[in-house]
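There are 2 protein chains.
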Amino acid sequence: PDWTPVTRDGILQLERVFKFRNFKQALAFTNRVGAIAEEVGHHPALLTEWGRVTVTWWSHEAKGLHKNDFIMAARTDQQLEAE
Amino acid sequence: PDWTPVTRDGILQLERVFKFRNFKQALAFTNRVGAIAEEVGHHPALLTEWGRVTVTWWSHEAKGLHKNDFIMAARTDQQLEAE
Chain A
2 PDWTPVTRDG
12 ILQLERVFKF
22 RNFKQALAFT
32 NRVGAIAEEV
42 GHHPALLTEW
52 GRVTVTWWSH
62 EAKGLHKNDF
72 IMAARTDQQL
82 EAE
Chain B
2 PDWTPVTRDG
12 ILQLERVFKF
22 RNFKQALAFT
32 NRVGAIAEEV
42 GHHPALLTEW
52 GRVTVTWWSH
62 EAKGLHKNDF
72 IMAARTDQQL
82 EAE
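Going down the list, the protein sequences come from chains A and B.
According to the working numbering, the residues represented by the first sequence are 2 to 84, in order.
According to the working numbering, the residues represented by the second sequence are 2 to 84, in order.
Extracted from the complex, chain A is given alone in its bound form (with noise of 0.2 Å):
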């Protein structure tokens, strides 16, 4: 279950799901991953369940997919390992 490319409304999306043993974890990613987007000002759709995040991030502007939206890809991996 990595990064896997999604067509949504037309616009190509990057989605990756996380699991987690329970609800307060998973919105503490959800929290971790808000964090990050907040910093570069570059923010994803983060879909917060009992035991899992779906992340999906994509570029507003190009409508699609953007050198940016596969380093913070990277970037919400590294906060899964910050767990």
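The hints are simulated quantities; they were obtained by calculation from the structure and are not laboratory data.
From the three backbone atoms N, C-alpha and C, an ideal C-beta is built for every residue, glycine too.
Careful, some of the hints might be misleading.
As the list claims (entries may be wrong) - DEER-style ranges, computed between Cβ atoms:
hint : chain 1 : residue 1 : chain 2 : residue 2 : range
1    : B       : L13       : A       : K20       : 32 to 40 Å
2    : A       : P6        : B       : R22       : 28 to 36 Å
3    : B       : E62       : A       : P6        : 31 to 39 Å
4    : B       : R22       : A       : E62       : 17 to 25 Å
5    : A       : A36       : B       : R22       : 35 to 43 Å
Assemble the complex: chain A is given as a structure, and chain B must be docked to it using the hints.
Just chain B now, kept in the frame of chain A:
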């Protein structure tokens, strides 16, 4: 834009989109709703994006809506007033 019944994967759910001025405020709301979810042990899906949070309540056991979901939807609205 109030709570709307939606059917996803054959499961009836209660959904509402909350608008905010930026990502930070959206994430703060996600955390407030997450806190009440943890409090009662009933968890929604929280989609956090720039300027908005989509909250979806349903009962996994009931595979649909239960009295608790309506109670939690009302409590979710209260978190907005606490803004």
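Evaluated hints:
In this structure the supplied range 32 to 40 Å is violated for L13(B) paired with K20(A), their Cβ-Cβ distance being about 26 Å. Checked against the hint of 28 to 36 Å, the C-beta distance between P6(A) and R22(B) comes to roughly 31 Å, which is consistent with it. One distance hint, 31 to 39 Å for the beta-carbon pair E62(B) and P6(A), holds here, with the actual separation near 35 Å. At roughly 20 Å, the beta-carbon separation of R22(B) and E62(A) lies within the given 17 to 25 Å, and the hint holds.
One distance hint, 35 to 43 Å for the beta-carbon pair A36(A) and R22(B), is violated here, with the actual separation near 18 Å.
In the structure shown, a violation is registered for the earlier hints numbered 1 and 5, in ascending order.
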